[in-house]
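Chemist: Chain by chain, the residues run as shown.
There are 4 protein chains.
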Amino acid sequence: MSTFGQYFRVTTYGESHGRSVGCIVDNCPPGLQLTEDDIQPQMTRRRPGQSALTTPRDEKDRVEIQSGTEAGVTLGSPIALRVMNEDQRPHDYGGGGKNIDAFPRPSHADWTYKEKYGVKSSSGGGRSSARETIGRVAAGAIAEKYLRVAHGVEIVAFTSGVGHEHLFPSTAEHPTQATNPAFLQLIDTVTRARIDEFLPVRCPDATQCAKMERLIADFRDRKDSIGGVVTCVIRNCPSGLGEPCFDKLEATLAHAMLSIPATKGFEIGSGFGGCEVPGSAHNDAFVKAPAIPPAELNGASSEPPRARPRLTTKTNNSGGIQGGITNGAHIYFNVAFKPPATIGQAQQTVGYDEAEGVLEAKGRHDPCVIPRAVPIVEAMAALVVMDALLAQSARQSARGLLPVLAQTVPVGEQENNLTKARA
Amino acid sequence: MSTFGQYFRVTTYGESHGRSVGCIVDNCPPGLQLTEDDIQPQMTRRRPGQSALTTPRDEKDRVEIQSGTEAGVTLGSPIALRVMNEDQRPHDYGGGGKNIDAFPRPSHADWTYKEKYGVKSSSGGGRSSARETIGRVAAGAIAEKYLRVAHGVEIVAFTSGVGHEHLFPSTAEHPTQATNPAFLQLIDTVTRARIDEFLPVRCPDATQCAKMERLIADFRDRKDSIGGVVTCVIRNCPSGLGEPCFDKLEATLAHAMLSIPATKGFEIGSGFGGCEVPGSAHNDAFVKAPAIPPAELNGASSEPPRARPRLTTKTNNSGGIQGGITNGAHIYFNVAFKPPATIGQAQQTVGYDEAEGVLEAKGRHDPCVIPRAVPIVEAMAALVVMDALLAQSARQSARGLLPVLAQTVPVGEQENNLTKARA
Amino acid sequence: MSTFGQYFRVTTYGESHGRSVGCIVDNCPPGLQLTEDDIQPQMTRRRPGQSALTTPRDEKDRVEIQSGTEAGVTLGSPIALRVMNEDQRPHDYGGGGKNIDAFPRPSHADWTYKEKYGVKSSSGGGRSSARETIGRVAAGAIAEKYLRVAHGVEIVAFTSGVGHEHLFPSTAEHPTQATNPAFLQLIDTVTRARIDEFLPVRCPDATQCAKMERLIADFRDRKDSIGGVVTCVIRNCPSGLGEPCFDKLEATLAHAMLSIPATKGFEIGSGFGGCEVPGSAHNDAFVKAPAIPPAELNGASSEPPRARPRLTTKTNNSGGIQGGITNGAHIYFNVAFKPPATIGQAQQTVGYDEAEGVLEAKGRHDPCVIPRAVPIVEAMAALVVMDALLAQSARQSARGLLPVLAQTVPVGEQENNLTKARA
Amino acid sequence: MSTFGQYFRVTTYGESHGRSVGCIVDNCPPGLQLTEDDIQPQMTRRRPGQSALTTPRDEKDRVEIQSGTEAGVTLGSPIALRVMNEDQRPHDYGGGGKNIDAFPRPSHADWTYKEKYGVKSSSGGGRSSARETIGRVAAGAIAEKYLRVAHGVEIVAFTSGVGHEHLFPSTAEHPTQATNPAFLQLIDTVTRARIDEFLPVRCPDATQCAKMERLIADFRDRKDSIGGVVTCVIRNCPSGLGEPCFDKLEATLAHAMLSIPATKGFEIGSGFGGCEVPGSAHNDAFVKAPAIPPAELNGASSEPPRARPRLTTKTNNSGGIQGGITNGAHIYFNVAFKPPATIGQAQQTVGYDEAEGVLEAKGRHDPCVIPRAVPIVEAMAALVVMDALLAQSARQSARGLLPVLAQTVPVGEQENNLTKARA
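Residue numbers (the numbering used here), protein chains in the order written: chain F, 373 to 795; chain A, 373 to 795; chain P, 373 to 795; chain G, 373 to 795.
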């Protein structure tokens, strides 16, 4: 399926070398102010050609709304978005076309697409192209707009590792970043504007950023590539989101993140490092929530104060999700990206005809996808939260019409009540 | 939603303290020999009370088929499975019931369930109980039976880490287990029977297993808990499975694994360590596939030889999936589990009434979930592969009726052709 | 798929001759008072053996809740329902079993099930048995309870035709019942209690009911069968339900009704007769809605007054749905049922072995399904409305958090606002 | 949701007055030859301005493929289709815009859209416009192409009623068309080419067609409108399609048909008239299938002979579906369309402001939708069959890999085997 989400449904289309790429966003709430200007900034952050470290393929990536809005307001009907493919050079990846026609690129999707579909497209891996992510970013921008306006949700991703360089490496004291005060402070306050001060790498620490930039440049110069880690924080997420059992919020986040091309891992909250921490230290004890949330005190949020759960937690090893359900604390997670498969170096491999040979890719490609992956991670996070929010809205507003029973909590005392948050 | 899968659909139900737990499996292929005896072994491997290291809650966990089979053969109609809840002590977790009624357990789902539903069940976290996984394991056993009979698929999970003890720790030489020969040899041959020789820990290495067992016993004795890592390998998976874009096979595996209670991370193939390996080393070069697959040479498989892709890869950093689609190589991945939230130690926290206090849980609980998580990981892996297989079967058999064109591969030359594998 | 609904999801299981039949209801709003006593009445109205006109198969059909409630209140988790199959005689339909093993019953599902699944079950048509509808009726009773408590929705079905006997036949003056005052008055006030005064036929007119009863008895005596029409009205349905385009409310109602065994047709509002009425007469002109809805004035409803749309229509040829969306007027529709396929008369046909022969069914069967179909139609109607309601709840509560724009209607002025209906 | 189908998924977008309308078709089998030329003919049959009897709104309705094909062959990836909206006059319907801004059109969707979304678009009913059906017709053309090439399926719809004029009216002898020899002969042989000889009405009988044309012209001249009935036949549909229980093929057909704007009813096979026929006459006795199907004997089909079920039925009251599953016989059904709501006559009604007034629509509109509805009915039928086919393909090819058991039918003897039909 090319559809993501059950309530806020996004269906994408498009290969790298067709007429256009895009998506249909179904079930966006009506009455949201929305124009191309709300969507374009993330498209631009994602697009290629941003620096000497990214592919020089030059695409304007201007998004056009086809339907679903009128006079800058969403109607509630499907919103179709389209971006033209302007710079098509189908045979560019493989030295005039011969190479890529003869060899499936190692660790790329050329071979598996042929196995799956029995058809070989000129671009090899079909939708495994990075251009497939355009529809995600466009749809994510709509979700984000709603989440920000209605709930003050803030989603910020940044580069936290490139190769062996890590912003918050695991240490004996802090086997997981979840207990590292520097990390916790960063995710409390970091903004996209701040992240973009560290272009082209998008790692919000001048020293580490410089090291990472050199590392990427080294790999580029050697016609090689390198992977890394993107970290993402979601602030002000309402509590109560996530469907127990199969659609826990961490499960749908993991699904979303591992669906991004080139990803190899996902960890939430304390993550893999958390396995090494005793339960007595790992458990997040409850505390009474402060009357005013920290984000408002430190001025990071320009939004009006919102209703909050009455309890919060002293620590946040859980990463804002317990039993698959959000508790109102920051949600944060890491996503691992492998080194890009398309490299300029000669590679000894075998061709579609089973004969050995050497593949030398001449095309345009990124030595490291991490910087451009940042807005994609943000977009997928927004789609996950938006979908969970609509699921919970349906439940909570349906419950709100029932009489209050002894066993149930009056809706007025449920501070996270999605239907009253603005009241 | 309490449903997993789009083609092979599993819907589960049941809290720890209701009348029964179970599931409905929809769209199981007709004509499969299936009785309770095919399902019970994994139920028994999952059930509590297996050793001094697991919770003494004593449940027989006998599964009963309600529908969908006749004379031991599946009819193609929904298969309902039911397991009685025999040993119900709703107030046991919290010292006679008072404690758990007053305090949401830290890092458990008690608080978030109340936030989500506005109803407080006596068992607190409702479906976040480990008993919710019974339906998954039962359904997974059906998927596994089909996959084994029809395709010779083998799914084996094992304990690879408990606390700081790791079976294949990251080293300078091998930042990822993907390049560790000992790891690669293990996943080539390991069986469930072999894993169960290492009860109660299920780590297939005598030395490490003993260390892990002591570690878990220590935590148990201190009324504390500890996390760990389960590794899983899927062998003989047909190539061509996984839906590009949102439902890449690694994405649905990640979704499945992070939906298991207490999980914090997932990595496939080279995983997080793979971020540090240059692309030139990380890329899996293609080689001509051997005429006889390794599993048959070394005798690990009792199944007849099956059709294979013509190409395979020299290395397997990809973990058997490229561009979201299986390539026929072993699929392997790690799942991180946090330390169980319910511990015997006193915990300083606040109650539902916002007053500070001390929670001391008196109930029965596991100091480490890893050993019992092994069959759950296997079950979820089976559900993911089965669902992807039916999706691809629909596509491939639909394509098989079309005339062969210049751009397409004749179905007879597609060795992974799901419809001809037995011919 | 054995699942109905996208928001309020019902998955059923069970053949006529397995251990049990039942269903899982997912996404029921939490906080609803619910016990078996809320479900049993409709089970009893549906069950066989109610009169000399229905099959003497004797099933108690006692429903048991397995999960999802505690202390008589829904938790928000899946509600599993189970009904035992007590009276199993698998070979009863075909004269000691020989006949039905040799012959696919004409117009039954025996042959097509074999074509579809390649497996022949002893009961022939597998899930095409009327027992499959038990799960629907049980799930429908839950939906109805919610709709009644939260919105005062009333759903009443009745027999309007048996063979050539019609309660409201098409006439030159009234080509459609939509313009027949007697019909309009009936649907305004009819209740289930009133319908059940006309047992066993359930046609709310003494004269017609008697004729229909005689007609059915005649067909029974001749070992033959006869079809008929069930009419259903839904009162007090909130406006704004139904998803434009593919999931218009009339489309999901049609889907629901044609999924009931033995149905051949569906018409809503003016229906087939409406094709013959000029648009100028067929259009339902708007009028200002009365301050107090008619149902409260005439005392048919015991519920408190609810918010209503500001406009209503003078006539109701639309049957309460315009553009696929409810307008708050009565929804009414007809469902055609064919004569039951299983008859006692000898039938000349051919067997599975292609040889001609005579089939004489000796089993227990209904000469007319109409009376027992009444609660099934009500149940499916409830499932459709409930699903549409949750879809709209999600949308409307999401919209309610956005600032009011010039183009949008303030939520306070939208009288149908689902989240405020009780305020 | 704006998505139709679970396996062959179509998502549409677009209002009548946005930039474009279109759809994404997901899961089309790869390897199908497909260009715009395969899609355009049905677009052209649907488009307005075809005759003096249809709306003069002039749209070229040229479809453009955006993705999913290369060199005229489907890749297996999503196929996006787009049609520009060229002739936009948003305020045309209501006399310079004032009228339609003030009055919701009676029996149109203006009022219910506002109730649902709380936003008023300039075109009133948003997606209830006939232009919404463009995406359906385009997607249906792709499904049809596959069905024709792979299975020789033929889908032909035609006008069978306008107002009180009926091609096959119910009579005492033939209460249902299912027993009318003239009807049965027509559906055996009728083609689209033949239907289009009867433009503009598309009723394949010269006498009736002339009467209907006059009737429509009369209503047009009186600024009024009239409804009618479209009949559709599906020939050569493989047996075994349709999912028992909720997704019976007649249920998904009914869903599809009632989702077309302006529809009020659906009946399959003997339909409403079949309720009056005794079971003994209504049952379709089985007979041995002829070696050569009738369609080939009479030359109506240019396709090669295909495998067929071993049994067929003497009569076809079932309309090709028994127990929700196709039996290989012709599937035929009727769809009722109401008179179009937009008429030129003055209508006494009330405005959004609750004040009484007179609405006079000055826009372009059809006096009868029947002729243009023909290709829309065909398209929706194709989508239903295609979806059911992929569901059954997945099942049957999965079953084909299991060993043959005593209770099961060897795949080689199942003549409808979807995976072998061409062998």
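Certain hints may be false.
You can't tell identical chains apart in this list, so a pair holds if it fits in one copy or across any two.
Claimed, not checked - Using 25 Å as the maximum straight-line C-alpha spacing, the simulated SDA-like pairs for lysine to any residue come out as follows: (1) Lys-492 - Arg-682; (2) Lys-583 - Ser-542; (3) Lys-734 - Pro-572; (4) Lys-492 - Leu-556.
It should be emphasised that the hints constitute simulated quantities derived from the structure, not laboratory data.
Chemist: Each hint needs a verdict: does it hold in this structure or not?
Modeler: Structure-based check of each hint:
| no. | hint | result |
| --- | --- | --- |
| 1 | Lys-492 - Arg-682 | between (57 Å within a copy, 16 Å between copies) |
| 2 | Lys-583 - Ser-542 | both (18 Å within a copy, 23 Å between copies) |
| 3 | Lys-734 - Pro-572 | within (23 Å within a copy, 54 Å between copies) |
| 4 | Lys-492 - Leu-556 | neither (48 Å within a copy, 32 Å between copies) |
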